[in-house]
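Residue 72 in the numbering used here sits at position 71 of the sequence shown, with consecutive numbering throughout.
Keep in mind that a hint or two might mislead.
What follows is a set of in silico ranges between Cβ atoms, one per label pair, in the way DEER data are often shown [said to hold, decoys possible]:
1. 39 / 90: 22 to 30 Å
2. 165 / 60: 15 to 23 Å
3. 88 / 47: 19 to 27 Å
4. 162 / 60: 37 to 45 Å
5. 97 / 66: 32 to 40 Å
6. 162 / 42: 20 to 28 Å
7. 53 / 122: 36 to 44 Å
8. 46 / 168: 16 to 24 Å
9. 39 / 145: 31 to 39 Å
10. 91 / 28: 31 to 39 Å
11. 77 / 134: 32 to 40 Å
Honestly, the hints are just simulated from the structure, not real lab data. For every residue, glycine included, the Cβ atom is placed at its ideal position computed from N, Cα and C.
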Amino acid sequence: MSDHERAAATVEQEARRTAVVRPAVRADLPRIVELATEHAVYERAAPPATDLAERLDALLFDCGAPQLRCLVAQLPDGEVVGYATCMPALSTWEGREYLLMDCLFLRSGHRGRGLGSRLMTAVRARARELGLTELQWQTPAWNEAALRFYDRLGARAQDRLRYCLAVTEAAEVTDAGDPLDAGDGSGAADGSV
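Modelling step: build the complete structure from the supplied sequences, incorporating the hints.
In structure tokens:
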């Protein structure tokens, strides 16, 4: 074991003694919203919805069989300093479900202490609980610390972009010049025509 590996193991052992990763409870929602807001700023994204606490309450607690799961990293003093959310998704090409991790975030000052690894371990455990064999997520290409973290976990990156498209009536899209409607007419969602 190298010096770096020993140091990392020591940091992770300390995190295990000093913090817990647990499922979120309703009382965590205000803090999760604060963390989600910090997460959006960190990722240079638009702020979360103003009624995010109510939306998450409905998705996490006010439904019969919630699909969304939220895990939090909590310090011994009770402060929640990070969260991860995940839910099952489907791969058409693989013909199977996988677990999609939508968010993983730790407050500045709490990174590099083993909490991210503990959150990832808990998310992977959730996948196994559901009988799923793969976990997928995305991160901004500029987030080099996250890329190094995920590489150390043994994850493999895929060269893809994530698109978002509003589906309200006011946001209708015309098909003029649509490459999916050209060529062989396959309509492949990945644009491979």
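Here is how each hint holds up against the structure:
1. Restraint check, residue 39 to residue 90: a C-beta distance of roughly 25 Å satisfies the suggested window 22 to 30 Å.
2. In this structure the supplied range 15 to 23 Å holds for residue 165 paired with residue 60, their Cβ-Cβ distance being about 19 Å.
3. A C-beta distance of roughly 21 Å is found between residue 88 and residue 47, which places it inside the suggested range of 19 to 27 Å.
4. Distance hint for residue 162 and residue 60: a CB-CB separation of about 26 Å, inconsistent with the stated range 37 to 45 Å.
5. About 20 Å separates the C-beta atoms of residue 97 and residue 66, a value inconsistent with the hinted range of 32 to 40 Å.
6. Checking the proposed 20 to 28 Å range against residue 162 and residue 42 shows it holds: the Cβ atoms sit about 22 Å from each other.
7. Distance hint check for residue 53 and residue 122: the Cβ-Cβ separation is about 26 Å, which falls outside the suggested range of 36 to 44 Å.
8. At about 19 Å, the CB distance of residue 46 to residue 168 agrees with the hint of 16 to 24 Å.
9. The hinted range of 31 to 39 Å is not satisfied by residue 39 and residue 145, whose Cβ atoms lie roughly 19 Å apart.
10. A hinted range of 31 to 39 Å holds for the C-beta pair residue 91 and residue 28, which are about 32 Å apart.
11. A hinted range of 32 to 40 Å for the beta carbons of residue 77 and residue 134 is consistent with their spacing of about 34 Å.
Violated hints for the displayed structure, listed by number in ascending order: 4, 5, 7, 9.
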